[in-house]
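Visitor: Sequences are here, hints too, so could you generate the full structure?
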Amino acid sequence: MEKIVEQGLLYDFYGQLLTAHQQKIYEQAVYENLSLNEIAEQEGISRQAVHDLIRRATDLMKGYEKKLGMIRRFHSLREAAGQLRAAADTAEDRDELAGIVREIADRILDSLS
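So for the sequence shown, the working numbering puts the first residue at 92; every next one is plus one.
Simulated from the structure, these hints should not be mistaken for laboratory data. A couple of the hints might just be wrong.
Okay, derived cross-link-like pairs now, DSSO-like style, lysine-lysine, Cα gap no bigger than 27 Å in a straight line [unchecked claim]:
{"hint": "1", "residue 1": "K157", "residue 2": "K94"}
{"hint": "2", "residue 1": "K115", "residue 2": "K158"}
{"hint": "3", "residue 1": "K94", "residue 2": "K153"}
{"hint": "4", "residue 1": "K94", "residue 2": "K158"}
The model shown is predicted, which means the values in this text are computed figures rather than measured ones.
Guide: Here you go:
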């Protein structure tokens, strides 16, 4: 399950950087859950070609993530948003909330620079 989530996130963030052919095959494999054989039959290519294309596309998107870190930043921002929500629900007074918000905002700004 975790692999499917990782593949989905990679594609959500970096799929547009793939060729149209790579996108089509990757979507069939990941989102439509077609087997390599089914994709190969539909596309008129070998099962091995489908496997290699998916592996290369995945490696390419992982390389983009390693260089750009957009998924890492997304997770960091999502975590910070959860902390802000929790602070809003639990802060005893306005000054405490303001301090927590400033601290989280500083972490967000640091992660974006």
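Visitor: For the pair we were handed, K94 and K153, check the Cα-Cα distance against 27 Å.
Guide: Roughly 13 Å separates the two Cα atoms, so the pair holds.
Visitor: Is the Cα-Cα distance between K94 and K158 27 Å or less?
Guide: holds, 20 Å
Visitor: Quickly compare the C-alpha distance for K115 and K158 to 27 Å and report which way the hint goes.
Guide: holds, 24 Å
Visitor: Quick one, are K157 and K94 close enough, alpha carbons at most 27 Å?
Guide: holds, 17 Å
Going down the numbered hints, you'll see the structure goes against none, and every one checks out.
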